[in-house]
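Chain by chain, the residues run as shown.
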Amino acid sequence: MREVPAPFDGLAYDGHLVWDRFTRVFHWGLVACVSTALVSGFLLDASWIRLHLVSGSLAIALVTARTVWGFTGPTYARFSQFLPSYRQAISHLRAGAAHARHIGHNPLAALMVFVLLTLIVGLGLTGVASLGSGLKSGPMAASLPASQGHIWSKIHELAAFALLSFIALHIGGVVLESRRSRENLARSMINGRKEMRAGDLTAPPRPAQRALAALFISGLVIIATGAINRMSQSPLPLPPVGSMALVYSDECAACHMAYHPSLRPAASWQLMMDKLDSHFGEDATLPKETGDEITVWLVKHSAETVDSKPATLWTGLQETLPVALPNTDIWQRLHGSLADGTFTRRTIHSRSNCFACHRDAESGWFSPFQISVPKEPKQ
Amino acid sequence: MKPVLVLSAILLSQPVLAQDTSPQALVDQYSAEAGAAPSPKNGRALFTANHASGKPHTPSCVTCHSADPTKGGQARTGKPIDPLVPRVNSERFTDMKFVEKWFGRNCNSVLGRDCSAQEKADIISWFMSL
Numbered sequence: 002m003r004e005v006p007a008p009f010d011g012l013a014y015d016g017h018l019v020w021d022r023f024t025r026v027f028h029w030g031l032v033a034c035v036s037t038a039l040v041s042g043f044l045l046d047a048s049w050i051r052l053h054l055v056s057g058s059l060a061i062a063l064v065t066a067r068t069v070w071g072f073t074g075p076t077y078a079r080f081s082q083f084l085p086s087y088r089q090a091i092s093h094l095r096a097g098a099a100h101a102r103h104i105g106h107n108p109l110a111a112l113m114v115f116v117l118l119t120l121i122v123g124l125g126l127t128g129v130a131s132l133g134s135g136l137k138s139g140p141m142a143a144s145l146p147a148s149q150g151h152i153w154s155k156i157h158e159l160a161a162f163a164l165l166s167f168i169a170l171h172i173g174g175v176v177l178e179s180r181r182s183r184e185n186l187a188r189s190m191i192n193g194r195k196e197m198r199a200g201d202l203t204a205p206p207r208p209a210q211r212a213l214a215a216l217f218i219s220g221l222v223i224i225a226t227g228a229i230n231r232m233s234q235s236p237l238p239l240p241p242v243g244s245m246a247l248v249y250s251d252e253c254a255a256c257h258m259a260y261h262p263s264l265r266p267a268a269s270w271q272l273m274m275d276k277l278d279s280h281f282g283e284d285a286t287l288p289k290e291t292g293d294e295i296t297v298w299l300v301k302h303s304a305e306t307v308d309s310k311p312a313t314l315w316t317g318l319q320e321t322l323p324v325a326l327p328n329t330d331i332w333q334r335l336h337g338s339l340a341d342g343t344f345t346r347r348t349i350h351s352r353s354n355c356f357a358c359h360r361d362a363e364s365g366w367f368s369p370f371q372i373s374v375p376k377e378p379k380q
Numbered sequence: 019m020k021p022v023l024v025l026s027a028i029l030l031s032q033p034v035l036a037q038d039t040s041p042q043a044l045v046d047q048y049s050a051e052a053g054a055a056p057s058p059k060n061g062r063a064l065f066t067a068n069h070a071s072g073k074p075h076t077p078s079c080v081t082c083h084s085a086d087p088t089k090g091g092q093a094r095t096g097k098p099i100d101p102l103v104p105r106v107n108s109e110r111f112t113d114m115k116f117v118e119k120w121f122g123r124n125c126n127s128v129l130g131r132d133c134s135a136q137e138k139a140d141i142i143s144w145f146m147s148l
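Chains A and B supply the protein sequences, listed in that same order.
Going letter by letter, the first sequence gives residues 2 to 380 in the working numbering.
Going letter by letter, the second sequence gives residues 19 to 148 in the working numbering.
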């Protein structure tokens, strides 16, 4: 029986419906999410983190739904239909260009499906681990230390490079097989149809269990939302001290923003307070008892005592004279994407004026969610 | 939050100034120490001149305070500095420790030495004339 094609099906021809509507929406939705996540992750700066998280999360949601559909969907959506045995995979490869035409996924294509789905899940997990450790947000924030942030984001990045390579192979495979079989397979993923030919390898039809799929997916949504919310609200171990000592904000923040004590190790604060007579080009001398009071407070809340990304970055700061953090390699690497002129804007004024762009600078967190670089005001 | 708590939070967030002196009392005290009448004209010259003897980033008072002391200035870090003229900013020159701390630091940064009592009297008397 010929189904009436939907209006968007474009060139209607008498094909066999292979890819159901969910599978097609899933495929192109995943293309959109993964492309957005790759572009925002590789090419855009840290202030785009929200877009990266939203697109990445949507990709994981799509893959999760697709996994449920892999057990409940119609014939060619089912994992059991296309999961090849070792023998099938080998004989498919041996046949080379002469292999039989599969109306669903051929064994090599099926392996690609599983590799891509697994890689995307892996990217989701390592992404959540990077977010939790390095950025102290999300469900893993309380359980992973900030010192692991670098390694998780490296693994996340490597997985993204692997995904890029497999996407290239996937596209290459689609082009090759389209040529070999003289059928536009990308168009099949749009209208869902493939030409039925003699000798095609087909599978016995299986109905989709829509109700079961909907039940599973909504159950997973509820459980995941609950678990993520609950885990994200766990108290963080060793957070930066929440309020500034009055003497510190009165004395030090008279001239500059109140730099959080967790940005420098104790030895660095000690050195800074010993050299106040020559404090970054100015005399900032304090009466001894005031200076001592501030030093005690700074040392008590210094980088060594805090689990946050900025604290981790500068715990190992080595100085003989106090160094301004903007003159460190770490700072310059982190701000490398900004044009030089950015910092001389009247709204920012200097590289040491962190909170012109980092709204949470005085909390010590420096979350990428809190970055907004001000524009030069109109004259 | 109760209004009382809000009010006390606002009060606590302001630097507590001792209010133990006034601009006139300071001028009187510094001129007595110097043994000469204050000169607003000399105060203005000292404040606006470029000095070579201090730290390289702060050749003059106006580097940070701006050339018009009735207006605010901006520290090298970008932090705004309140106006110095008492008519505009009534908190100025009302706390002896505060005044001495900043004359101490800033004269050393700009001039490379302490300011004399005469110079302090001159500068404050110039601000009072504005």
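To be clear, the hints were calculated from the coordinates, so they are not data collected in a lab.
C-beta: ideal position from N, C-alpha, C; glycine also.
Incorrect hints may appear among the rest.
[Said to hold, decoys possible] Heads up, simulated DSSO-like pairs for lysine-lysine below, C-alpha to C-alpha not over 27 Å straight-line:
1. B:K115 <-> A:K276
2. B:K115 <-> B:K97
3. B:K73 <-> B:K59
4. B:K73 <-> A:K289
5. B:K115 <-> B:K59
6. B:K97 <-> A:K289
7. A:K289 <-> A:K301
8. B:K73 <-> B:K119
9. B:K97 <-> A:K310
10. A:K289 <-> B:K119
11. A:K276 <-> A:K155
12. A:K289 <-> A:K310
13. B:K89 <-> A:K276
14. B:K97 <-> B:K119
15. A:K276 <-> B:K59
16. A:K289 <-> A:K276
17. B:K89 <-> B:K119
18. B:K115 <-> B:K89
19. B:K97 <-> B:K73
20. B:K115 <-> A:K289
21. B:K89 <-> B:K59
22. B:K119 <-> A:K376
23. B:K119 <-> B:K59
24. A:K376 <-> B:K73
25. A:K301 <-> B:K89
26. B:K89 <-> B:K73
27. B:K73 <-> B:K115
[Claimed, not checked] Coverage of chain A stretches by chain B, computed from C-beta distances (three or more under 8 Å per stretch; other residues unrestricted):
28. 40 to 51
29. 101 to 112
[Claimed, not checked] The following residues of chain B were derived to be distant from chain A, with all beta-carbon distances above 12 Å:
30. S57
31. P74
32. T88
33. K89
34. P98
35. S127
36. V128
37. L148
Chain A versus T88 (chain B) - minimum CB to CB distance exceeding 12 Å, so not interface:
It holds; T88 (chain B) is separated from chain A by about 20 Å at its closest Cβ, greater than 12 Å.
Given the hinted pair K97 (chain B) and K310 (chain A), is their alpha-carbon gap at most 27 Å?
Roughly 26 Å between the alpha carbons, so the hint for K97 (chain B) and K310 (chain A) holds.
Is the hinted pair K73 (chain B) and K115 (chain B) satisfied, with a Cα-Cα distance of at most 27 Å?
23 Å, holds
Restraint check for K89 (chain B) with K59 (chain B), where alpha carbons must lie at most 27 Å apart
Answer holds: K89 (chain B) to K59 (chain B) is near 19 Å, not above 27 Å.
If you draw a straight line from the CA of K115 (chain B) to the CA of K97 (chain B), is it 27 Å or shorter?
22 Å, holds
Would the pair K73 (chain B) and K119 (chain B) pass a check requiring their Cα atoms to be no farther apart than 27 Å?
With Cα atoms ~18 Å apart, K73 (chain B) and K119 (chain B) stay inside 27 Å; holds.
Would the hint linking K89 (chain B) and K276 (chain A) be met if the CA-CA limit is 27 Å?
32 Å, violated
Is K73 (chain B) within 27 Å of K59 (chain B), Cα to Cα?
25 Å, holds
If you draw a straight line from the CA of K115 (chain B) to the CA of K59 (chain B), is it 27 Å or shorter?
Status holds; Cα separation ~26 Å.
For P98 (chain B), is the shortest beta carbon distance to chain A beyond 12 Å?
Contrary to the label, P98 (chain B) does not stay out of reach of chain A, its closest Cβ about 10 Å off (not over 12 Å).
Checking a non-interface call: every C-beta of chain A should be farther than 12 Å from the C-beta of K89 (chain B). Is that right?
15 Å, holds
Mind checking the alpha carbons of K115 (chain B) and K89 (chain B) for me, to see if they're no more than 27 Å apart?
At roughly 23 Å apart (the allowed maximum being 27 Å), K89 (chain B) and K115 (chain B) satisfy the hint.
In this structure, the earlier hints numbered 11, 12, 13, 15, 22, 24, 25, 28, 29, 31, 34, 35 and 36 are contradicted, and the remaining ones agree with it.
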